[in-house]
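Peer 1: Each chain, written out:
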Amino acid sequence: MTLTSLVFALFCVIALIIYFIVPKKFQWIVLLISSLIFLFYGNFHISTIIQALVVLLPTYFLGKEIEKIFNTKKSRNLLIIGIAIILAQLIYLKYINLFVATANHICNLFKIQYQFEFIYRNSLIGISYYSLIMISYLVDIYRGTCKSEKNIFKFALFMSYFPILTSGPFVRYGNIKEDLYGEHKLNYKNLCYGLVRVFWGLFKILVISQRIGMFVDTIYGDLNTYTFIFIIMAVLLFPLQLYTNFSGSIDVIIGISEIIGIKLPENFTLPFFSRTLTEFWRNWHITLGAWLRDYIFYPLLKSNAMQKLNKKSKEIFGKKIGKKIPLYLSMLVMWTLIGIWHGGAYTYIIGSGLLQFVIMFFEDILGPISKKINNKLGIDTEVFSYKLYQVIRTYLLFAFTMIFFRATSVSNAIDIIKHLFTNIQSLFNLNLMFNLINNIGLDIFDAGMLIISLLVLFIVQLLQRKGNIRDKLFKQNIVFRWGVIYTLIFAVIIFGCYGVGYDPAAFIYRQF
Amino acid sequence: MKKKIIKVIIFLLIFGILLHYVMKILWYPPTAVSYFYKEPKNSLDVVYIGSSNAFIHFNSVLAYNLYGYTTGFLSADTQPISLAKNLIKESEKYQNPSVYIIDLATSTEDLKLDIDNGIRKTVDSMKFSKNRIEAINESLKYIKDIDKKDYIGYYFSFLMYHNRWRHISPLNFTGNTSLYKGYQFAESTTKVVPQNPFNWLDEKSELPQENTQVLKELIDYIKANNLNVIFVVPIRYFEPEYNRKLNKVIEIIQKNNINVLNFNTLEDFNEIDFSKDYYNSAHLNVYGATKYTLYLSRYIKEHYDIINHKEDENYKSWNSEYERFKAKYKEITKQDFNEFLMSLKNRY
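As you go down the protein sequences, you meet chains G and X in turn.
FYI, in numbering that gives the first Met the number 0 the residues of the first sequence are 0 to 511.
FYI, in numbering that gives the first Met the number 0 the residues of the second sequence are 0 to 347.
Bound-form chain G, shown alone (with noise of 0.2 Å):
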């Protein structure tokens, strides 16, 4: 059940009529029943209810046991065990086949006839999500930052909660809960932001990304045919086809959780007005980027043996230097774990992981010079075409590291990269570039579409730096109001991607 298919509305319209209907205090049930049906969608098995039930019982009873013996070593140790237990299965269930690869590739490097199977496995939808929830759970009880929950079946909510199975965001158990178990009536303000917030999202998914994704798909797909300038304008556009479908699947959860009285944190803020690549990724996936700052780096910085190398370094490299390598360690960690989480292969440990720490490193280490330079050259930099050009660096840059993440493998990103620059003349093949653009995946209509509605989304985007444009929007009068949404809805239903003759919308993020 994709977040833009017709099931999944009609899942989502009959689940929110039967939630305002039934009386308030079983609101809940009828979410924790719908998030079950959602969960095991297609894939009720023994297997996958064995899965669900690994993660869920350990971690309720464990989260029960540790609140009840706080600030003991015993605590500590039934926190390890909660962790390692849903660690263990996620590994198996979803990175099994990297250290599958990781062996092959040593049999290969040492000459050993001897290659190891890929494992395949059925997991749940959203394992990677509720794995990380559910620690981030246990860490808050155990570090008595919120209480456990008593209600085993509300807890099962908590972990299942439907919408944000698809592509998150983060949740911690105390800013959700009260939101979760409540009660809650048909808010019509509620109603109309939801909806607003859904039809935008399905537009940059079905109408944006998934029309990027034609091209973007065609080109990668056959590099020997389409070189130079193509492969530019994929590696180019890749990031907005990523951006548009993950933030699109965002604004889909949250303003279905709007509708229904519950408020999920934001996951974006206009990562594409970023000055720095550090900058973008606070605006990029912050959820993600939170849970992974209070559960793994923070702690790590913290840790005894952090602290140990701190002061060794410090006495090695002197205090300015030495304080800083713990800090890079820390966060070479957390961004090759970062990498992980993206998928089970080294093309997300180096794309979304690896590449970003060591851009991010040289920011670090740059910065400082770079403002001595622009000081001593009088260069004013908040000045708008300094910020634009900052701004186009940090694009250029993420799109880089993401030919990567787009990849099949890590030669095929190499190839990628040596196609870049190759085949330059072709350019001045008119005849070759006719054929080619007439093959692109996309007709004149669909670039026309695109560049209308990459527009759409700019100008939107700088509206919402300006402040909340619903908020704007329902302030004006009805006729502008409604000429806006109808809009926005038909949009959508004319010029989405979906249907016949277009694959469902494949979700770039969905697979995590």
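Honestly, the hints are just simulated from the structure, not real lab data.
Just to be clear, a hint being listed does not mean it is correct.
Claimed, not checked - Facing chain G, a subset of chain X residues (Cβ under 7 Å, in silico):
hint	residue
1	Lys3
2	Ile151
3	Leu158
4	Met159
5	His161
6	Arg163
7	Trp164
Where a beta carbon is used, it is the ideal one built from N, C-alpha and C, also for glycine.
Take the given structure of chain G and dock chain X to it, following the hints.
Peer 2: Leaving out everything else, chain X in the frame of chain G:
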């Protein structure tokens, strides 16, 4: 709260109206089936069901001009026989025809395949109703090779057609001017090979189990509802295997005392000129269609009790459509249609 509920209702109402018109514009230009729905309730005397042979071979405005009865089409390209029963049901909802004509050209086709999207081409033109869903279910139950994700597109046709915004033509706004009350004017000529005669074989071969089942259900429905039905086999070349199976179909129908006209074997229908009367190998052009219509329309008049509406003011649109057809004929052939008609009428 009351005010807000009213607002929501008005919003949804406007949305529904807009959606209806947007989808109407985005859909293919009107088909023969669209014209069926345009006719006033209980105004059609004959309803023709089946593949494109129906609305390309039978000139309904000519039949009206000759005998004053009206014919509507619930026909579409490569329409499978599995839809016929539900199309009769659809017809009964809006009309009370004296006779049904059912084209058998596709009755032997493999029901496990939706050949050339014949199911879609028919059901997409049908109005949304329980019967439409039933028609889709009835025909899809035999289909084996459609991707499951495409099934939903049969029920909600906008999933298919929303993407036609790039192909919108003036026809989407003005209607299909090459249709005359559903009859499709086929103007060009193809020499048909093999030449006359088509050497109709007399042997029979067994039908696939699904086709036999569908035919049985159709016959049972016709008999249970006491309907007047003429099954027709169009005059065209059929592969020997199809020919043999068609003989089996004819045998089954005749055993049930239902009328079958096989135009390939009718002794008194021998005027088709195989070098001039075909639009392509499977369809007659306007000349062939005129000859076919003259024969079949007279047959209907002679064998069924049908009212002549020619003097009825309510039916004057049929006269104007006939005039439009004649004008088109003259524009294409540079000849007067009446002259062509007179040259044939003596023979029929």
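Peer 1: Each hint: holds or not?
Peer 2: Here's how the hints hold up against the structure:
1. Lys3: With Cβ-Cβ at 5 Å, under 7 Å, it holds.
2. Ile151: holds, 6 Å
3. Leu158: holds, 3 Å
4. Met159: With a minimum Cβ separation of about 4 Å from chain G (threshold 7 Å), the hint on X:Met159 holds.
5. His161: holds, 5 Å
6. Arg163: Since chain G brings no Cβ nearer than about 9 Å to X:Arg163, farther than 7 Å, the hint is violated.
7. Trp164: holds, 5 Å
Checked against the numbered hints listed earlier, the structure breaks hint 6 alone; every other hint is satisfied.
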